[in-house]
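S.K.: Sequence:
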Amino acid sequence: MIKYERFLESYKPLITIPVVITIIAIILALTIGLEEGIELKGGTTVAVQLEKPVSQGELKSLISDGISNHQVDVTVSKNQATVEIAGHADVVKLSSVLEGTGTISSYRSVGPVLGKESMTQIYYALAFAFIFMSITVFIIFRDLIPSIAIITVALSDIIIAIGGMSLFGIPLSVASVGAILMLIGYSVDTDILLTTRILKRKEGTITERAVTAMKTGLTMAVTSISSMVTLYLVVIFLIPSAQTLADIAAVLIIGLTADILTTWLMNLGILRWYLEARK
187 MIKYERFLES YKPLITIPVV ITIIAIILAL TIGLEEGIEL KGGTTVAVQL
237 EKPVSQGELK SLISDGISNH QVDVTVSKNQ ATVEIAGHAD VVKLSSVLEG
287 TGTISSYRSV GPVLGKESMT QIYYALAFAF IFMSITVFII FRDLIPSIAI
337 ITVALSDIII AIGGMSLFGI PLSVASVGAI LMLIGYSVDT DILLTTRILK
387 RKEGTITERA VTAMKTGLTM AVTSISSMVT LYLVVIFLIP SAQTLADIAA
437 VLIIGLTADI LTTWLMNLGI LRWYLEARK
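For the sequence shown, this note's numbering assigns the number 187 to the initial residue and increments by one for each residue that follows.
Among these hints, one or two may not hold up.
Straight line, CA to CA, 30 Å or less: simulated DSS-like cross-link-like pairs of lysine-lysine [claimed, not checked]:
| id | residue 1 | residue 2 |
| --- | --- | --- |
| 1 | K388 | K198 |
| 2 | K401 | K198 |
| 3 | K279 | K246 |
| 4 | K401 | K386 |
| 5 | K279 | K264 |
| 6 | K386 | K198 |
| 7 | K227 | K264 |
| 8 | K227 | K246 |
| 9 | K264 | K238 |
Don't read these hints as lab results, they were simulated from the structure.
When you get a sec, could you build the whole thing from the sequences and use the hints?
M.R.: Structure (structure tokens):
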């Protein structure tokens, strides 16, 4: 308890840690940028049944040489491969390029117009999710500062997740946006847990209430992060063709790790400052 108390009593300088990380994430997103997935920028996804063993690099080189002027991404899993080609691709030509190596079992093309529409829908989904989350938080607490703190933490989690996506080359896709929406829900859950324990419970000191909330919240966080790490490793080593699942897991790992810092350093610090100012 003494260690927790020392940690929680020095809350003011600790607030700056998630703030600095959020600023770094913004810089990363602005300088590196976000790669868009095929369903957003337009392109063709091709499923290939391999006829002989071939490495991911060899298959990518073969396709890139055969259909020049196209960005190509390849994922190989046992006797199957998934090929993503940016822009319009000639499937007949691709089939001839793959002759002797594999056969095309299916393909799906997305035009740039549809990609732009998907991007617009994604912006609407994020905006509406954030607006309704904000309204719900204000209704629950009816207190400006704690409500703004929860919203700020959720926004920081999203920004850090996006910065991580830029840093690690995780594409912005429908799947990764779904992960961000899940992250909003998780962030609000932990912040409501903390805020309810601190503001609405009267037993014990502020520090004792914070310690109780922290034990519960950190248990939730570690459990969630562990499950996402397990999913990521399973996909990478056992089913590399399911790259979408790996992207979802990676976004959630980054976001959930960020939520530990933003909730227990930033939000808790703001709540302590708020309660001390009210006395």
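S.K.: Run the structure past the numbered hints and jot down the numbers of the failing ones, going up.
M.R.: none
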